[in-house]
Structures are given as structure tokens and as C-alpha cells.
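Protein chains: 2
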Amino acid sequence: MKASQFLFATLKETPSDADIVSSQLMVRAGLIRKIASGLYIWLPMGLRVLQKVERIVREEMQNVGAQEVLMPMTQPAELWQTTGRFDDYGPELLRFKDRHDRDFVLGPTHEEVITNLAQGELRSYKQLPITFFQIQGKFRDEIRPRFGVMRAREFTMKDAYSFHVDQVSLAKTYHDMYEAYTRIFTRLGLDFRAVQADTGSIGGFASHEFHVLADSGEDDIAFSDSSDYAANVELAESISFNMAERQPPKQEREDVLTEGMTTCKMVAEHLDIPLANTVKTLIVHGHKEDGTPQLIAVVLRGDHQLNTIKAEKIEEANVPLTLASDEELKAAGLHKGYIGVDLDMPVFVDRSAATLSDFVTGANKVNKHTIGMNWARDASITRIVDVRNVQEGDPSPDGKGTLKIKRGIEVGHIFQLGDKYSQAMNATVSGEDGKPVTMMMGCYGIGVSRIIAAAIEQNNDENGIMWPQTPTVEDSIAPFEVAIIPMKSKEETVMQTATALYEELKAQGVNVLLDDRNERPGVKFADLELIGIPHRIVVSDRNLAEGKFEYVNRRESEKQMLSREEVIAKVCRK
Amino acid sequence: MKASQFLFATLKETPSDADIVSSQLMVRAGLIRKIASGLYIWLPMGLRVLQKVERIVREEMQNVGAQEVLMPMTQPAELWQTTGRFDDYGPELLRFKDRHDRDFVLGPTHEEVITNLAQGELRSYKQLPITFFQIQGKFRDEIRPRFGVMRAREFTMKDAYSFHVDQVSLAKTYHDMYEAYTRIFTRLGLDFRAVQADTGSIGGFASHEFHVLADSGEDDIAFSDSSDYAANVELAESISFNMAERQPPKQEREDVLTEGMTTCKMVAEHLDIPLANTVKTLIVHGHKEDGTPQLIAVVLRGDHQLNTIKAEKIEEANVPLTLASDEELKAAGLHKGYIGVDLDMPVFVDRSAATLSDFVTGANKVNKHTIGMNWARDASITRIVDVRNVQEGDPSPDGKGTLKIKRGIEVGHIFQLGDKYSQAMNATVSGEDGKPVTMMMGCYGIGVSRIIAAAIEQNNDENGIMWPQTPTVEDSIAPFEVAIIPMKSKEETVMQTATALYEELKAQGVNVLLDDRNERPGVKFADLELIGIPHRIVVSDRNLAEGKFEYVNRRESEKQMLSREEVIAKVCRK
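Going down the list, the protein sequences come from chains A and B.
First residue of the first sequence? That's 1 in full-length UniProt numbering, and the numbers climb one at a time after it.
First residue of the second sequence? That's 1 in full-length UniProt numbering, and the numbers climb one at a time after it.
No lab work stands behind these hints, which were simulated from the structure alone.
In this text the structure is predicted, and so the values were computed from the model without any measurement.
Among the clues, some could well be false.
[Said to hold, decoys possible] Derived pair list, reagent style BS3-like, types lysine-lysine, alpha-carbon separation capped at 30 Å: (1) K172/B <-> K435/A; (2) K97/B <-> K34/A; (3) K34/B <-> K126/A; (4) K2/A <-> K172/B; (5) K34/B <-> K2/A; (6) K420/B <-> K488/A; (7) K97/A <-> K34/B; (8) K126/A <-> K12/B; (9) K97/B <-> K2/A; (10) K126/A <-> K126/B; (11) K12/B <-> K34/A; (12) K97/A <-> K97/B.
Could you build all of it, start to finish, from the sequences and the hints given here?
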């Protein structure tokens, strides 16, 4: 491509409404333009990237035997009424009426349509398993569209749906999809983690999210530094400490004056002990086995944070989890900031807190804490539970390495749906015994346009975008892989040499741009860095005299003077 | 592709709501499925065809330097309010409100969005001309969706928009697009005509429609049998007859009794003269130069049909053209069915009627006609005009050959928009002299999904679809080019030979299907004919013994026994 025949829509200024670095850079580099809140045009430069991502996603879907279809974006409301989602979905589902006053929706997802299709087309277990996918525009009426294409209203998604005669078959396709997703994000050169998206309770249906690690992510992801383990912090298990680690008591129990010290941190500093040697007690609403309300205590180490989702799994706790009010504490004879662990109510102790000995806790008296506290001797535990957020440095729950925590951007989600939709829509096939079987389903999404924003969040510097380093040059998603800049393009030899190199690289299948724009070199350099072209080759009179080309890699700053053969080898990654 | 791993959704029965042959065959062959009125799913078999058409369209757009973009399907109403189309467009424009009660539309076309983009991005005449295109889902809320994907509500379209500093530049790109469209439809193997879509008045802006000729078309297309000339019958010029052809009078004028004969046909039969020797006079509402209402007469040959669009171009006629009422005729002393040409009002005579001599007309008396009527001697002409529809056999207006008339399906439209949108949206660039210039625009549409229906309308037989014969095999839009059917697939040699041939063709880049489904041969043959696979190769024990393969071309019925080399040469069209 010659740059003079291609829309360069680069901007020097950062648009005022671009809120994160990828959104700023995508607008500045001329990949996208906003036309309204959450609605973007993909400009020629950006669409090249989008289509490259689409190609990789499509190939890997085909590799696992998924068949491509194209469903309409507009869907009749009846289908959504059948599954109940027309009412349940919430205002993200854009509902509208056609000219005949019939209800429709703009598809944010296509479970209903595809299940309706499966119901009509699939007759026998022999046709299963079967997987359909599409790459298509979706619409979600976000209340506050933001982060550019990351949380846009109209966006490009790959959605796939699989149909099965039983759970075993579903699990196999789910596994294939897990592997396909892993290959997709690996080929794209992204630093990502496949994250357990539920607690994986036995017999339940699995779900994994694929997150690209980047500071602007909306989720905290805990992952092992030495294995594949990764989970959302909200769901990551804090592994059971070995109870044998609990030391026998060495100190006597004793109350000490801690006037006005209502936090573990204040107490630990005052006593000059590690925060990890204190515990805090939270009193929350709960109930007895027969439903009678009662207060219950949840005990954590002073340096740990309560994980509400985990705490709500305590059977005796009310959902949603709510703290007891000051009045309720008073009525129970407790003093806020000084609550201990020796209590007249069920006491649920976090795994880490349960292994402590000679620890410090509230004394159940105003302005007093107890030191030398020990479980069994001084207080009893109703049940040991996992109720805290994992922390960096915790051992990984799979026993391999320790945990790191980073923010993640969700770019993919695979999900074992079971028969939720097929049941509602009566999607059955005749089984091996001739009797109807309700199909099991899986669904598998990838935010195709979102991937680009995530890739940029992970790969950028002060000069602009750096595209991910993909394992093969063919999979690079840079809009152009190489830019050739003729300096003083009016000089005939320079332009001839530049054009000849351009033609040769093109003939070799390299995605190359000849920057023949009538602009100063400084402007071109800045544009190409902003857009993130991986390889820059400058052709100049002076260097040609020595038979050399000036080469700069976007990820390195130093210039190299290379021969024609060397420069070709560089950009072909040979 | 192995058929066992691909969704065959063929139907034996014709769906009751499929109204034309292409719609019936597309559903029966499992290319599409309807989910609601005017909304279709493209099944794997159909999407393969759609993507092949898209590829050809994309290549030819790129060949003329058009740059691909992707605009959102949802568009803010403000843009449409700027051009006035939010109110003007009519109910085909689907309008909706988002959750914040803001107005949006579902894009049936994208002039507003692209002009808004051009207004923001293009600064200088040096950036022009520039052309953008996209291939994308569009929505038109048709009052009565019909003809399958031909007149669906959601459909795939290629829309392109060009921007220019002046009319000369617009005309050049328009010409390039005309050529690109011609290449697209030629590559697709379609019998099509580029049709003048307006009267081409000098200085006006040109517009051409591209029609695929097929009986189910909605337009009548007149085209020369010996040149490129083609026009919508409504607009085709009836060429000026040479007035020298008008013979001098031979008969005397005479009134004859024609009781109850109020049509030219009745009179011609009664007098035993050609219908072409009679004329009919239509009295319509008109006005004088100062606007005063008056009746005017339009005279046509008895065998010709009035063309309203042309008649409305008579300056003295009212628009829309309306016939005088019986009361108005009476008041003017005229008798319906017996009106002549010697009248006390302006008389506009069609070119063909003006060359007649000794013709028959009404006598302006009840139950009487005049024979031996002659212009000049018996009646005067206010102006000779072109107000009739052309007919098959008429000379072609370009002077080459004679006209044929066939029905056409519009699959493309190119249009010189001028500055309608750029003016309304203030889309200017700085011109060579530094002053702002309002850009000139062209727009260029192709109904990508409609092409497939049109191709099938033009290519089918009683057994199903026959895909168009494309100039090159690479451009074939058949979902698969070749099907290999192993007979008795349980016999090892048969299956091995079939698989080996399949692998070899695949390696040669042939789009081949191995029909390994567990079905009877008859079912497979019927399916493959319905789907229209161009080449069928049967591998059987008996033929293998002779080293032969049974080959059938979809367009021929006879089987050929061919060697392996011959069969490969056939399907590769070598």
C-alpha cells in the first residue's frame, strides 16, 4: 500500500473524551472515530487490524470443526419471550417495535436464535456434537459506554454455540474450545490467563474467562507464577494451611489497655507486633438451622480482606451479607473495635486465622485488647472457612508456586450452559434409544474488537502503540508490518530504490507500506510510531552511497545501518 | 470438507411461504432459514456463497483504490436530522430510542455517517478524490418483506462513497466504479445490463442501475440486441422517427359509424386495419404559461402505451399526470371513446403517431370515428413529444440494433450525488486557491445477499440450483465446486480411492466436498443437485475395476466415464 493512497487520520492532540490509553491511541492513530457515545467507525487503518484478528479467530474456530453461520442482528421478541429473557435481561437489551408494532430486539447475544435453529434442524443424536459460530456486530445498550471500543454499544464479537447429546460430549467440546482460545490468544501474542469463572463445584458446569493482563483491567486476577492456575481474586481459593503449623501456646492470655485503638493496624503498631499476628472479628447477620435469626462472627487475620462472595457461602450466613448495626452489637454486649473471638455465637474462622497462636484480639471490653490468645485453650471455633481474598505471595491453590495479582481485561468467555435454553425452547433430538433427549449446550464468546484495545493496553509507550509480538509474522495484527520512508523523495535514486524494495517485500507477501506522503520526515516518523508499525526502513541518499538502509524496530530505539539483504531478513523475521 | 462434518439442511418440501424460485431453492438447499418476516439466518452452506461474493466485490473495490471501513449499523438521529432525512425517509427507516431516550436509526444506508466522517477528516483538495466502502448488514423496515433475501429487512450490502473537489473528478471515479461493477458481475458469471437510471439530461448527474436479467425481476429493462444500450422501460427513449417517413395524404377524411366501439382495438378490428394505423387521444389536466388551468391532449398510436414519467415532462402538463373526468370531457364537448385529434386545446403528439398518414381517430361525435385523417391537412400539432413506452423490436436509441425487453433484478446502483449531503453537512475542503470548496459526492451500492438470489433466479432447473458459470473457477460462488461420492463407503478400496482423490483436489486448491454421509446414493444425488454442486464424481467398485470414475456435470445430464487424470482436468477446468 502506498501511504498517499491511504487515509492517515492521525491526531497530535489526545481527544478529551478518550478515557484510557488504548482508546486515546486508537483515536490518535486513526484506527477509529467516535460518532456517538459507544458508537465507532473503524477507519481503513483500524479495520485492517480488526480483519487480521477476525482471520485468526475464524481459523481456530474452523480448526475445531465449528461451522460458520450469520444470524441477523435484529431478532423477534417472541424468541426472547420463550426463554424469559425479554423481561429478565435488563435495559442493556435494546427493544424496539417495527412499523407493524411488533416487538424486536437488537441482539446482544444469540442463544435464542441458535437454539431455535437447532430445534428446527437437528433431529438425531447422530448429528451431534455440532458447533456453530459467527463473527458479527452486536449491540448492548450500555448505561455508560466508555473505554473506547472496550465497552462500546456496537461491537464485533465471535459467538459460538455447541449442541450435545450429553454432558460428556459437552465437556469434550468445551475442552477443545479452551484449547482453541488458548491458541488464538497465543497466536495474537497476548499475555493472557484462562481464569476459572465460577467456583467449579463438582457436578456443576464449568466456565472460564480469558483475560488479557493490563493495568486498566476491570477485574483482579490471581495467578500462579509457576503454573497455569488463574482465578478471579473474588473466587481464588486461599489454600488450607496445614493445621500442624499451629504452634502450642507459649504466652498467657492477658488484657492490655488499647485506648481508642479500634483497628488491628493501630493495635499492632502500639504493641510492635506484625499485623499478621492480630485478628479481626466481623459480626454479621445469620440464622440457625431452623431459620431463627442470630448473629454470627467471622474472624480474619488483621492483614487480610474479607471476600464477601466466599463468606456468603457459609450456610449460617444471610445472603446478601450484612454487618450487624451498632445497636445490635450493643444489645449483644459487644463493643465496636474491641470485639474478641471468645463469643456467645457461632464463630467462623478463616483458614489463615485458624493457624495462629499467641495472637492478639479484642477483649470484649471497651479500650482493651487481649494478647496471648490461643484457639482451643481460650476460645472455640465453630468451623474453619475460606473467607478472605488471596494476596500476592500466597501459595497457589494448585500447589505450584506463589500467587501474583494483576488486573485483567476479559476478552473471551467459555461456558457450559447445560440445558437452560434447549429446555425452554424444547430443542430435543432422538437419542440412541429413539427417545427424545434435550440437548446440552455450550457457548463461547470472544470480544473481537475488544481484543484490539486490550492488545494496546498491554503494548504501548509514550510514542504510541506497539503491536504484540506474535509467534509468527503472518499472525501480526499491525495494520502494516513494515514502513519504507524515502527521504527527499524527489531524488530519483532514492525513490527508485525505495519503490524497488517495496515491490520486493510485497512480492514476498510482506504487509508493507511505502510512505510516499508529501510530509516532513519528522511527521512521518511520529505517525508511524503512533500507529506502531513494527519495522521502519529509511532510504536516503547518504546511506545509499554506502549501500546501506537505516532500520529501526518499534520496540528498540537504536538505529541500525543494514545492507539490503540484512534489512529484508529483519522484516521477514528470517 | 467432509459432508459428515457439515450441516446439510436440505428439505424435500417447498416451504409454503417461499414465493419465488430462488427463495424456495435457497431454503430447500439449506442456504438460509427464516426466523421472522424478512429476517434470515445464513446457514453454513449459504454463508460460503455469501463470503465468495463478498470476496469478489471486495477485490474489485480495492482494485479501484476504494478503502474499506466499517460503520456502525446504529446511527444517531442527529445526523439524519441535519440532512432532513430523519423526517423525510418514510417508515422503511427504523427509528428507535436508546435507554436514555435519545433517537437513533438502524442504518438502511450510510450517507450521513460517511459525510460526517469526511467533514471531520478531510481538510485539503490534495486528499481528494477518496473513496470509502464497507460490506455490512443493513436494515430496511419493508412494509411487506418478500422474495426471500431479495427483499429482506436485514441484508448484506456493499456501499461505497466517493468525495471530490469537482464534477470532473466525480465523473472519473463514477466511470471507474462503472467498470468495477461491470467486472464484478462479469466475474460472477451473471447475465446483466447496466441500465441508465435517469434520463441523462445534459449537466445533470448520472445514475446507472445494474440489473440481472431474470423473469422474476421487478423492473422491465429494454436493451439493444447489438450494443451495450440498456434502460428501464420507463426511461428508455423512443427514438425520433424521420418525419420524411410521413406519407402525403391519399384518402379523404370521412366519418364512419363505430357504434359502441370505444377502443382502438375494437375499431381496428371492425375496419380490418392494423392497430398501428389508429391513434388514441388522452385528455389530461394542464395549465397555460401563466398557470391558468386548461385541458391538454396527448395523442399516441393505438398500439402504444403511455409512459407517465415521460408525459409529465411536457411543460404544459400537471404533475402528477391526471386524466380529465367524464364531467370535464362533457363540459369540453368531448365524448369518451370517440375523441379525435382536431381539438380546441394544445395537442401533444407522440413521435410515432406524428409520422402517420391516413390514420383513424375518434370523430368527436358519439359512435363515430374518422378515417383518412392526416396531420397538417386535418389537424394541427402543438408539439411532437416522446411519451410512449418503448416496445420489443423498436430501434435502439443508440442507433445500434433493435430493442429487447426483459425483466431485471436490480443488484447494483451507482449514483452521482453531487453536493446534496456535503452541502447539508458543511463538508468542505480547502481548494487549490485556499478557499473552502464543498465536496462533490458519489455513492455506489451492491446488494451482496441479493446477488445470490438473482444468480439463482437466472440459473436453476427442476432439480434445483445451478450456479452461474464464472469465467474462472476461482470465482465460482458454488458452496462447493466438486462433490465426491463413495458408493458403498464401507468397502475399503472405494473409501480409500475417494479419500485420496479428495485430498489431492484439496491440495490443488479445489473447493471439494467428500460426501461421506450415511445416506443412500439417491438422497445424496438429489441433495447435491438441489445445492447445485457443479461437478459430481462417483467412486464405485465396478468402475474402479476399469480404472474409471463416473463424472456428471450439473448442467449436463449424461454421465461420463473418465480416468483419474481426465476427471481432475475436468474439475480444475484445465
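Hint check:
In summary, the hint linking K172/B to K435/A is not supported, as the alpha carbons are separated by about 67 Å, beyond the 30 Å threshold. Using a Cα cut-off of 30 Å, the hinted pair K97/B and K34/A holds, with the two alpha carbons roughly 19 Å apart. Of the supplied pair hints, the one linking K34/B and K126/A holds, its CA atoms being roughly 24 Å apart against a limit of 30 Å. Restraint check for K2/A and K172/B: satisfied, since their Cα atoms lie roughly 21 Å apart, inside the 30 Å limit.
The straight-line distance between the Cα atoms of K34/B and K2/A is roughly 44 Å, outside the 30 Å bound, and the hint therefore fails. For the suggested pair K420/B and K488/A, the alpha carbons sit about 41 Å apart, so the restraint of at most 30 Å is broken. Taken as a hint, the K97/A and K34/B pair is honoured in the structure, with Cα atoms around 19 Å apart against an allowance of 30 Å. The suggested pairing of K126/A with K12/B holds, with an alpha-carbon distance near 20 Å, which does not exceed 30 Å.
Taken as a hint, the K97/B and K2/A pair is broken in the structure, with Cα atoms around 42 Å apart against an allowance of 30 Å. For the given pair, K126/A sits about 62 Å from K126/B by alpha-carbon distance, which is inconsistent with the 30 Å threshold. With a CA separation close to 49 Å, the supplied pair K12/B and K34/A exceeds the 30 Å bound. For the proposed pair K97/A and K97/B, the alpha carbon gap of about 10 Å is at most 30 Å, so the pair holds.
Going down the numbered hints, you'll see the structure goes against 1, 5, 6, 9, 10, 11, while the others check out.
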